[in-house]
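Protein sequence lines, in the order shown, are assigned to chains A and B. Number 21 in this note's numbering belongs to position 21 of the first sequence; there are no gaps in the numbering. Quick note: to get this note's numbering, add 288 to the position in the second sequence (first position is 1).
Hints should not be assumed to be uniformly reliable.
Claimed, not checked - With a Cα cut of at most 20 angstroms, we get these calculated EDC-like pairs of lysine to aspartate or glutamate:
#: 1; chain 1: A; residue 1: K160; chain 2: B; residue 2: D420
#: 2; chain 1: B; residue 1: K438; chain 2: B; residue 2: D424
#: 3; chain 1: A; residue 1: K160; chain 2: B; residue 2: E542
#: 4; chain 1: B; residue 1: K523; chain 2: B; residue 2: D537
#: 5; chain 1: A; residue 1: K160; chain 2: B; residue 2: E425
#: 6; chain 1: A; residue 1: K160; chain 2: B; residue 2: D422
#: 7; chain 1: A; residue 1: K160; chain 2: B; residue 2: E423
#: 8; chain 1: A; residue 1: K160; chain 2: B; residue 2: E410
#: 9; chain 1: B; residue 1: K438; chain 2: B; residue 2: E476
#: 10; chain 1: A; residue 1: K160; chain 2: B; residue 2: D424
As the list claims (entries may be wrong) - Label pairs and their in silico Cβ distance ranges:
#: 11; chain 1: A; residue 1: S126; chain 2: B; residue 2: E425; range: 53 to 59 angstroms
#: 12; chain 1: B; residue 1: S336; chain 2: A; residue 2: D93; range: 38 to 44 angstroms
#: 13; chain 1: B; residue 1: G446; chain 2: A; residue 2: D93; range: 44 to 50 angstroms
#: 14; chain 1: B; residue 1: A432; chain 2: A; residue 2: L146; range: 41 to 47 angstroms
#: 15; chain 1: B; residue 1: A387; chain 2: A; residue 2: S220; range: 38 to 44 angstroms
In case anyone wonders, no lab produced these hints; they're calculated from the structure. Quick reminder that beta carbons are idealized off the backbone N, C-alpha and C, glycines included.
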Amino acid sequence: MDLAGLLTFNVLTGIATLVLITLGLGVIYGMMRIINLAHGEFMMLGAYTAVMANGAGVNIWIAMLVLPPLVVGAVGLVLERTVIRFLYGRMMDTMLATWGISLGLIGLITTVYGNVVRGVSTPVGSFEIGRYGASLYSLVIVATALAALTGMFLLLRMTKFGLILRATMQNPRMAAAMGVSPDRIYMATFGLGAALAGLAGGVLAPISGVSPSMGAAYISRAFITVLGGGPAIVTGTGLASSVFGVINELVSFRTTPVIGDVALLVAAILLIRVLPQGITGRYLRRSL
Amino acid sequence: MSRPMNAIDPLPLTSGSTAVATAARPALLSVEGLHSGYGRIPILGGVSLTVGEGEFVGILGHNGMGKTTLLRTLMGYLPVTAGRIRLGGEDIARRSPTARARLGMGFVPQGREIFATLSVRENLRMGCLLSDRDEDETIADSLAVFPRLKAYLDRPGGALSGGEQQLLALARCLCGNPRILLLDEPTEGIQPSIIEEIIETLQAIGRARGLTILLVEQNLTFIAGLSERVLILQKGVVTREIPPEIARDRAMIEEFVGME
Chain A
1 MDLAGLLTFN
11 VLTGIATLVL
21 ITLGLGVIYG
31 MMRIINLAHG
41 EFMMLGAYTA
51 VMANGAGVNI
61 WIAMLVLPPL
71 VVGAVGLVLE
81 RTVIRFLYGR
91 MMDTMLATWG
101 ISLGLIGLIT
111 TVYGNVVRGV
121 STPVGSFEIG
131 RYGASLYSLV
141 IVATALAALT
151 GMFLLLRMTK
161 FGLILRATMQ
171 NPRMAAAMGV
181 SPDRIYMATF
191 GLGAALAGLA
201 GGVLAPISGV
211 SPSMGAAYIS
221 RAFITVLGGG
231 PAIVTGTGLA
241 SSVFGVINEL
251 VSFRTTPVIG
261 DVALLVAAIL
271 LIRVLPQGIT
281 GRYLRRSL
Chain B
289 MSRPMNAIDP
299 LPLTSGSTAV
309 ATAARPALLS
319 VEGLHSGYGR
329 IPILGGVSLT
339 VGEGEFVGIL
349 GHNGMGKTTL
359 LRTLMGYLPV
369 TAGRIRLGGE
379 DIARRSPTAR
389 ARLGMGFVPQ
399 GREIFATLSV
409 RENLRMGCLL
419 SDRDEDETIA
429 DSLAVFPRLK
439 AYLDRPGGAL
449 SGGEQQLLAL
459 ARCLCGNPRI
469 LLLDEPTEGI
479 QPSIIEEIIE
489 TLQAIGRARG
499 LTILLVEQNL
509 TFIAGLSERV
519 LILQKGVVTR
529 EIPPEIARDR
539 AMIEEFVGME
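Model the full structure from these sequences, guided by the hints.
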């Protein structure tokens with residue numbers, strides 16, 4: 001019974017981690033069809049923001065949850081204005097450009113902070129599930145993921161900005177005929193995606209080693225989850241994270257984390273084979 | 289004209305009292321020597337026309353004569369390679385579609401381009417972005433004009449029939465209270481009952497709101513039912529103007545166009 005409780009808790013944490021690392025990528029890909037190969041590095045910047053802010057004496061919660069999205073969102077806006085906006089509609093070119101940005105960011109951070117692994121200590125302790133100890137910080141991850149997902153849903157469904165966003169992504173020309181400036185909307189969307197990547201980096205900083213190349217550890221899983229989720233950002237990310245998170249955690253538990261990742265990959269290949277457009281490409285197509 | 293004509297009878301002539309001479313009204317839209325095209329392929333070779341404040345002008349032409357290109361260029365989706373477009377005296381030839389929409393150009397494109405996954409209400413809310421009035425009031429007014437849409441408010445726009453989508457596209461555009469309405473072949477693929485409904489609706493609100501309409505069409509019934517003046521577009525230029533007294537009668541337009 002205790003074991004089942006612990007396992008459930010781990011599965012939830014696994015799902016939440018996937019949600020966090022995927023959502024920013026999903027926003028940018030789902031809304032603008034841009035494959036942001038610098039997504040992992042946006043997360044890395046978020047993690048560095050958390051580490052540096054914490055080192056400078058900023059409250060750990062602010063350093064993890066508030067500053068990373070702000071800083072990385074701002075970086076995203078600058079990159080969109082200076083690079084990405086000239087490449088809309090050219091998928092290959094945006095991939096190359098974001099790959100270049102990714103390498104540039106790794107190089108920049110290595111030069112400034114050195115190629116060493118840093119860390120932030122987790123701000124909360126542990127608790128017991130029966131005979132087992134579990135990290136309270138996992139609850140922080142679950143809560144943040146839930147908040148991010150809910151926030152995105154509310155933003156898209158309830159706000160005028162969300163309405164304009166959905167309309168523009170569907171038909172930018174007609175949105176322009178309603179007085180919307182698609183250019184501005186793309187800029188905001190890219191900034192939002194970057195901010196979400198920053199948030200993921202900040203929140204995951206205490207449980208992962210923070211180094212210039214840490215993005216590589218997350219990027220493949222994030223891409224797999226985006227593709228598995230399909231066009232609906234919130235529902236797709238939630239569902240695909242759930243499917244992959246459960247498989248990954250259960251197999252990791254029975255075997256090793258490496259086999260767990262292999263299982264995730266195999267599951268993703270099977271899923272894409274059966275549903276080439278992702279889960280929400282076939283089911284729940286009207287969802288957000 | 290060789291193309292098959294619409295099956296429904298021409299509408300009865302409305303009394304000639306509204307046929308005011310163009311010169312009497314100030315020009316809202318004036319186009320001079322407009323050249324445009326796709327990439328290096330020229331389509332428009334110097335279109336000049338004027339639409340007066342409150343006037344309904346129709347442009348008649350076969351497929352491939354540049355009707356859609358003209359409206360897309362007026363809306364700013366295609367670059368002007370030469371010539372001028374003035375809206376209310378302001379030169380807008382270099383402005384973005386967004387800026388033109390904000391200046392009062394309303395566009396109902398060919399194929400309607402409803403936001404398919406957005407609900408009918410959300411489509412209308414998008415139309416309200418340009419209106420400074422209260423959103424709910426504007427939508428309520430719009431539903432009074434297009435009562436057929438009331439039943440579908442929470443359905444996705446893409447689930448509507450072609451005719452209903454056309455009504456929605458019109459309603460969406462009118463929510464923004466445009467100064468001029470650019471209509472691109474609103475009758476394409478639409479059941480005749482809705483064509484008549486559209487004519488009646490546009491005439492009614494056109495009068496009530498002092499709306500100006502520039503319409504491109506190849507459906508004679510529709511163009512005769514709505515336009516005060518009809519221009520003929522051939523191979524990218526306006527070749528002739530059909531006088532108002534003829535423009536209101538489908539049969540007479542047919543005869544006029546036929547006597548090359």
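Inset, instruction - Please name the hints from earlier in the document that this structure breaks, with their numbers sorted from lowest to highest. - result: 3, 4, 9, 13
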